[in-house]
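*Asks:* Here's the letter readout for the chains.
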Amino acid sequence: MKYFIILITVIFIFCGCAPKVVQLEQPGATGKEGPAFGKGEKEGGITEEELARSRQERERSMLEEMKKSLLKDIYFEFDSYVVKADELPRLKEIGSWLKNYKDIRITVEGHCDERGSAEYNLVLGQKRAETVKDHLVKLGVDEKRIKTISYGKELPLDPGHTEEAWAKNRRAHFKID
Amino acid sequence: MRKLKWIIILIFLTCITTNTEARIYLDIYGKTFKKITIGVPSFKSETIDRLRADMSELLNKDLDISGFFIVAPSSLLDRELSDEGIEKQEIKFGNWRSIGIELLCKGKLQQKDGEIILEAYLYDTIDGSLMLAKRYRAKSEEWRKIVHRLADDIVLTVTGEKGIMSSRIVFVAGGRSQKEIYTADLDGHNTKRLTNFRSITVLPSVSPNGKYLAYTSYKEGKPNLFIMDLEKNREIHVERGEGMKFGTTWIGKATLGFSHTSGRYSSIYTFDIEKSDKRLILSKEGIYTSPSFSPDGTKMVFVSDMYGTPQIFMQDLPSGNIKRLTYYGNYNTSPCFSPKGDLIAFVSSIEGSFEICVMNADGSNQRVLTNGSINDSPQFSPCGRYIIYSSKRGGRYNIYMMLYNGEGKRMLKFTEGDAEQPKFIP
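Chains as they are written, first to last, in my numbering: chain Y, 1 to 177; chain L, 1001 to 1426.
Please note that the accuracy of each hint is not assured.
[Unchecked claim] What follows is a list of derived Cβ distance ranges for each label pair: (1) 1178/L with 96/Y: 35 to 45 Å; (2) 1308/L with 134/Y: 15 to 25 Å; (3) 92/Y with 1263/L: 14 to 24 Å; (4) 1221/L with 102/Y: 17 to 27 Å; (5) 1295/L with 92/Y: 44 to 54 Å; (6) 162/Y with 1408/L: 29 to 39 Å; (7) 1199/L with 77/Y: 23 to 33 Å; (8) 1371/L with 164/Y: 48 to 58 Å; (9) 77/Y with 1221/L: 23 to 33 Å.
Just so you know, the hints here were simulated from the structure itself, not pulled from any lab data.
Note that CB positions come from ideal geometry on N, CA and C, so glycine has one too.
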C-alpha cells in the first residue's frame, strides 16, 4: 500500500504538477531538483539519467517515511519493560525499514515516568531500550547497528504529574546516529 | 602502696564513666521518647549586638532540627528572664521551671582580632546543675560553625551521642536535562557546586574517608561512572562500558560498590580505589542493582526483579546465599544499611505513593515513615539516628531529614530549584 502511495507521489513529481506536495515532504529539495523535471516533460525515450534520478527520489522519500516512523515512540506500562502487544506491529515496521537501509545506525533511548526511585528507573530505562533492541535483532536487524542508552526519569517528554503525562514518558525513543 | 594508688584511681575512673552514662537524659532508641523543653535566651555581649541574636536564633533552629527538643519561643521569655546573668548564682531556676523549661543554655560572646569567642553553659533547671561548660573559638565570619558545634555538644550531653549539625551533604540540583552536583552545610548555607558539565550528572556519594566522590554523568554522551579525587580535584577512574553504571555505596574506607546493567545481564562489582582492585560480586540475567553493604562487609542487600517486580534481597557474601527480604507490595527499591547494620531503609510503593520505610536487617518489622507523594534516596546519617531523603511536594523535589523512627521531619533548603539524591559527607 505504502509503495503504491510513493509511486503515485513519484508520478506526480514527474508530471511536474505537484511541487507543493514535494515542498511539504522536504522543503529545500524542490529548489534543487525542480528545474530538472522540466526535461522529463519532453516527448520521447526516458534516459538512464532520468531513471536513476527517479530511483533516487523514491529512495529519498522512503527514507523520509522511515524517519517519520522512527519519530513515534514505543510506550510501556508502569514498571515494565515488556513490549505491549499493540506496539509489536510498529516494531515490525521499524525492523523492516532498518533491514532495507543497511547503512543506517540507530540509538534506542529508554525513558521512565517520574514515579519510583531514580536509581531503579535508570536501570528500568536501560532494560526498556534493550528489550526494543532485542525485538529488532530478532526481526533480523544486525545488533551492531543498534545502540542503547537509558535516561531513567531524567528527561521526561511531558513535565506534568498526571497519568497522561506519565504514559507519554514511559517510552523507548529512536534516534538515527 | 603504689598498687593501691592505682586501684583507687581505677575505681575513681569507673565511677566517673558510670556517672556520665547515667547522665543520658534521652534514650532515643526506645520506642518513644519525650522531647526536652530547652530555653536559649539571647547570648550576652557588650559589643556585637546583631550577631548574638543571630547566633541564639541559629542555635534554636539547630536544636529544633535535631528532633530531641522543644525550643521555647523567644516570646515566652520576658525581660526579667532575658536580662538575667549567665552564672549559676545569678539564675533563678524556679522562674524557668515555672514556664516549663527543663534545660537552659546561656552564653557570653566576645570579639577579639577578627575572632569570636563563645562561652556556653547548659543548666538543668530542676537542680540547677551545670551539665556543660565550654568555650568555642572561630573566625568571626565562621560564627555558624561555632553554633553547630555547640548544638552538637548539647545533643551529646543529653543523648550520649554527638549531634549532626556540623555535617555537610552532597546532592544533585538543577532542572530537566541539566543536573549538577553540589555540597552544602546541613543548615543550607555554604552551598558549593562541584561539577559544571552542563549535562545530566546524578547519584553522587563520598567515600567514608572523605577523599573520593563517585557519580554517574552523561557528559561524554552515555552514562559513565566517574570517581573523583576530591583533594586533587581530578577524575581518577571511569567505568565506560556499554549500558547503565552507578554506585552509591561504600565498604571500608575507599571501596565503591556499583552495579552495571547491559544487554540481558546485570552485574554488581566492588572497586577498591586505592588498590585499583575490581571484583565481581554477582552477575545474572535480569535486574540486579542498588547494592548496599552491611558495615562488617559480610552482607549485601540489593534490588532485583527476579520474581517479576522490584524487590529487596540479601546475599550473605561468604556463602553466596540469597534471601528475599520484602514481600509486601510490588515495588521495593533503594535499600540502605544503617551504620550499625541493624536496620535497612528503603522505598516502597504503597497505594500509589512511594514511601520511605525501614525494616530490621532480617526483613522483619517493616514500618512506613513518610506519608504520601514520591519519596526517594533514603540514607542514614553516620551516627544512624537520622534518615536524609528527597521528597516531591507540589511538583518540586526537596531534601528532607527525619529521625530514624519517622519523627521530626524537616525540609532542608539548599537551592532555589529542585534538590534530590542527598548523601552525608562522612
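*Asks:* I want to verify a distance hint. Is the separation of the beta carbons of residue 1308/L and residue 134/Y within 15 to 25 Å?
*Replies:* Cβ of residue 1308/L to Cβ of residue 134/Y: about 18 Å, so the range 15 to 25 Å holds.
*Asks:* That 35 to 45 Å hint for residue 1178/L and residue 96/Y (C-beta), does it hold up?
*Replies:* The hinted range 35 to 45 Å holds for residue 1178/L and residue 96/Y, with Cβ atoms some 38 Å apart.
*Asks:* That 29 to 39 Å hint for residue 162/Y and residue 1408/L (C-beta), does it hold up?
*Replies:* Because 32 Å falls inside the window, the suggested range holds.
*Asks:* Measuring from beta carbon to beta carbon, are residue 1221/L and residue 102/Y in 17 to 27 Å?
*Replies:* Since the Cβ atoms of residue 1221/L and residue 102/Y sit about 24 Å apart, the hinted range of 17 to 27 Å holds.
*Asks:* The hint says 14 to 24 Å between residue 92/Y and residue 1263/L; measuring C-beta to C-beta, is that right?
*Replies:* Holds: the Cβ-Cβ distance is about 22 Å, inside 14 to 24 Å.
*Asks:* Given the range 23 to 33 Å, decide if the beta-carbon distance of residue 1199/L to residue 77/Y lies inside it.
*Replies:* Because 30 Å falls inside the window, the suggested range holds.
*Asks:* Does the Cβ-Cβ separation between residue 1295/L and residue 92/Y fall within 44 to 54 Å?
*Replies:* holds (52 Å)
*Asks:* For the hint 23 to 33 Å, verify it against the beta carbon of residue 77/Y and that of residue 1221/L.
*Replies:* This hint holds: roughly 29 Å between Cβ atoms.
*Asks:* Given a hint of 48 to 58 Å, does the C-beta separation of residue 1371/L and residue 164/Y actually sit inside it?
*Replies:* Given about 25 Å between the Cβ atoms, the range is violated.
Checked against the numbered hints above, the structure violates only hint 8.
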